[in-house]
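Visitor: Top to bottom, those sequences are chains A and B. Take 1 as the starting number for the first sequence in the numbering used here and just add one per residue. Take 1 as the starting number for the second sequence in the numbering used here and just add one per residue.
Don't take each hint at face value.
Unchecked claim - Below 20 Å or equal to it, Euclidean Cα-Cα: the simulated EDC-like pairs (lysine to aspartate or glutamate) are:
1. B:Lys204 with A:Glu16
2. B:Lys198 with B:Glu157
3. B:Lys28 with B:Asp84
4. B:Lys87 with B:Asp22
5. B:Lys28 with A:Glu39
6. B:Lys87 with B:Glu187
7. B:Lys149 with A:Glu16
8. B:Lys204 with B:Glu157
9. B:Lys198 with A:Asp24
10. B:Lys29 with B:Asp73
11. B:Lys29 with A:Asp40
12. B:Lys29 with B:Asp40
13. B:Lys198 with B:Glu187
14. B:Lys29 with B:Asp84
15. B:Lys198 with A:Glu11
16. B:Lys204 with A:Glu11
17. B:Lys28 with B:Glu91
18. B:Lys149 with A:Asp24
19. B:Lys28 with B:Asp73
20. B:Lys28 with B:Asp40
21. B:Lys149 with A:Glu11
22. B:Lys29 with A:Glu39
23. B:Lys198 with A:Glu16
24. B:Lys198 with B:Glu173
Derived by calculation from the structure, the hints in this document are not laboratory data.
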Amino acid sequence: MRESSQSKAAERARLEQLLHRLRDLSQFDPPPALRERLEDLCSRRMTGQSSGPRATRLFWLRPALAALLMAIAVALTAGLLTHRWTVPRLRSRDQRLQAGRDLPPILPSADSPPRSVPGRITINVGPAGRLKSRRSPPVPKSDPARMVLSLPYSNSEIAAGTGVTIRVSMSQSELISLGLPVSAMVADRHVVADLTLGDDGLPRAISLPLPLEYLMEKK
Amino acid sequence: MLWSGTRKRTKRSKDVIESDADLLARLKKRDERAFLALYDRYRRPVYRFLMHMTGSFSTAEELTQEVFVAILDAMCVGTVGQFDPGKGSMEGYLMGIARNLAREEHRRVNRLQPLDTVVESPEWDRLMEKFSQPGQDASMLLTTHSELKVLYRAILELPAHYREVVILCSLEEKSYQQAAAVLRCSEGTIASRMNRAKALLAAKLRRLAPDAVNS
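Just chain A, with the same shape it has in the complex:
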């Protein structure tokens, strides 16, 4: 027991001695190059920092410039988009207006019967009256609104139809192929259409009573 404690004490003493030796052996200094590097780095940083207080004072300048640039960019983008959106629409409106001078009015007057233009879809809402108020005049039940499609292959030289109209049923897919804006969801559904025939017996226009009248399918 006593011997073991003595040996432990001896081990500890030897350990202390060795640690002391190791401490003496490991008295190293960092290389001088490290000091030079740090000195160089410090002087560079300090040179860079010389404008520090001014930079601190104008700390808002950078974000403000960034915000300004961003606002300009947003404004330019918005302007460009508006320009690209508006100009073609105005042009097309002008073109339509120019074309409209040579064409009959879309809304038929009380004296003249509705004339259709080949390839042009018109919506006949009945005889136009003088508007006395801002409220739209009530559409007479006897003359419902119609969607009129002049057929493009008609001969425009020949006078308009004789008023011979036959009622037919047409599938929606046929109407879509003619360019009528009807829903393509149920393409095989049949609707009631009026076919206006010309003097030559060829169809001049197709008119659809609005709202569309669907035919019940026979099962």
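Based on these hints, arrange chain B on the given structure of chain A.
Guide: Chain B only, in chain A's frame:
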């Protein structure tokens, strides 16, 4: 032994704290000379601590630079004033940074270097340069050399928290109080870790030293 020179050490540390405070005031003013004075004053303990912690001179050099670059960054940004001389010494502050960097480095490398390569490395040769002096008994030298080699290996093998205490208290000659300030724990913890570390080292010496001498 550690407590015998308490009064003397306290007086010395008070002087250091005062000068640390002056140095800190100059650092706050972004004085370049103050930074270099700080480096000159504390480069040795930081470098040696990192050398023992990493077992590599090159890594210790790199990490020492990082420690002082961290101070330089804080000086430039203006956060060097966050250090409170009343709570601890500047040396403790720097050693704390060094300790964190050593741990990060250990985590980053994350692989165990074979100890033989460490002990047989140029570091060990450089360490032993001073050891082999002429006029000493050859057999005695050989025995001590072998024991030192085993001890060096045993220190590197110690868990980090024991190694830090051994390096600070035995190899860097810090008091328990100073080590506690660096490691941010109580002096009692330092004492118990030191006791445990020494027991581990003694056991390793007992087990490995005879084989090393024979080999």
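Visitor: With reference to the structure, classify each hint as holding or not holding.
Guide: Taking the hints in turn, this is what the structure says about them:
Proposed proximity of B:Lys204 and A:Glu16 is supported: the alpha carbons are some 14 Å apart, at most 20 Å. For the hint linking B:Lys198 to B:Glu157, the alpha-carbon distance of about 13 Å falls within 20 Å, and the restraint holds. Proposed proximity of B:Lys28 and B:Asp84 is supported: the alpha carbons are some 12 Å apart, at most 20 Å. A C-alpha spacing of about 15 Å is found between B:Lys87 and B:Asp22, which places the hinted pair at or below 20 Å, so the restraint holds.
Distance hint between B:Lys28 and A:Glu39 is fulfilled; the C-alpha atoms sit about 17 Å from each other, no more than 20 Å. With a C-alpha separation of about 15 Å, the suggested pair B:Lys87 and B:Glu187 falls inside the 20 Å cut-off, and the hint holds. Restraint check: the Cα-Cα separation between B:Lys149 and A:Glu16 comes to about 15 Å, which is no more than 20 Å; the hinted pair holds. Taken as a hint, the B:Lys204 and B:Glu157 pair is honoured in the structure, with Cα atoms around 10 Å apart against an allowance of 20 Å.
Proximity of B:Lys198 to A:Asp24 is assessed by CA-CA distance (about 18 Å); at most 20 Å being required, the pair is judged to hold. Taken as a hint, the B:Lys29 and B:Asp73 pair is honoured in the structure, with Cα atoms around 13 Å apart against an allowance of 20 Å. With a C-alpha separation of about 19 Å, the suggested pair B:Lys29 and A:Asp40 falls inside the 20 Å cut-off, and the hint holds. With a C-alpha separation of about 19 Å, the suggested pair B:Lys29 and B:Asp40 falls inside the 20 Å cut-off, and the hint holds.
Distance restraint check for B:Lys198 and B:Glu187: the Cα-Cα separation of roughly 16 Å lies within the 20 Å cut-off, and the hinted pair is therefore satisfied. The hinted pair formed by B:Lys29 and B:Asp84 meets the criterion: a straight-line CA distance of about 16 Å does not exceed 20 Å. At most 20 Å may separate the alpha-carbon atoms for a hinted pair to count; B:Lys198 and A:Glu11 meet this at roughly 10 Å. Of the supplied pair hints, the one linking B:Lys204 and A:Glu11 holds, its CA atoms being roughly 11 Å apart against a limit of 20 Å.
Annotation: proposed proximity of B:Lys28 to B:Glu91 holds, straight-line Cα distance about 17 Å (limit 20 Å). Using a Cα cut-off of 20 Å, the hinted pair B:Lys149 and A:Asp24 holds, with the two alpha carbons roughly 14 Å apart. Taken as a hint, the B:Lys28 and B:Asp73 pair is honoured in the structure, with Cα atoms around 12 Å apart against an allowance of 20 Å. Of the pairs offered as hints, the one joining B:Lys28 and B:Asp40 holds, with about 18 Å between alpha carbons and a cut-off of 20 Å not exceeded.
Between the alpha carbons of B:Lys149 and A:Glu11 the distance comes to roughly 16 Å, so the proposed pair stays at or under 20 Å and holds. At most 20 Å may separate the alpha-carbon atoms for a hinted pair to count; B:Lys29 and A:Glu39 meet this at roughly 17 Å. Restraint check: the Cα-Cα separation between B:Lys198 and A:Glu16 comes to about 9 Å, which is no more than 20 Å; the hinted pair holds. The hinted pair formed by B:Lys198 and B:Glu173 meets the criterion: a straight-line CA distance of about 15 Å does not exceed 20 Å.
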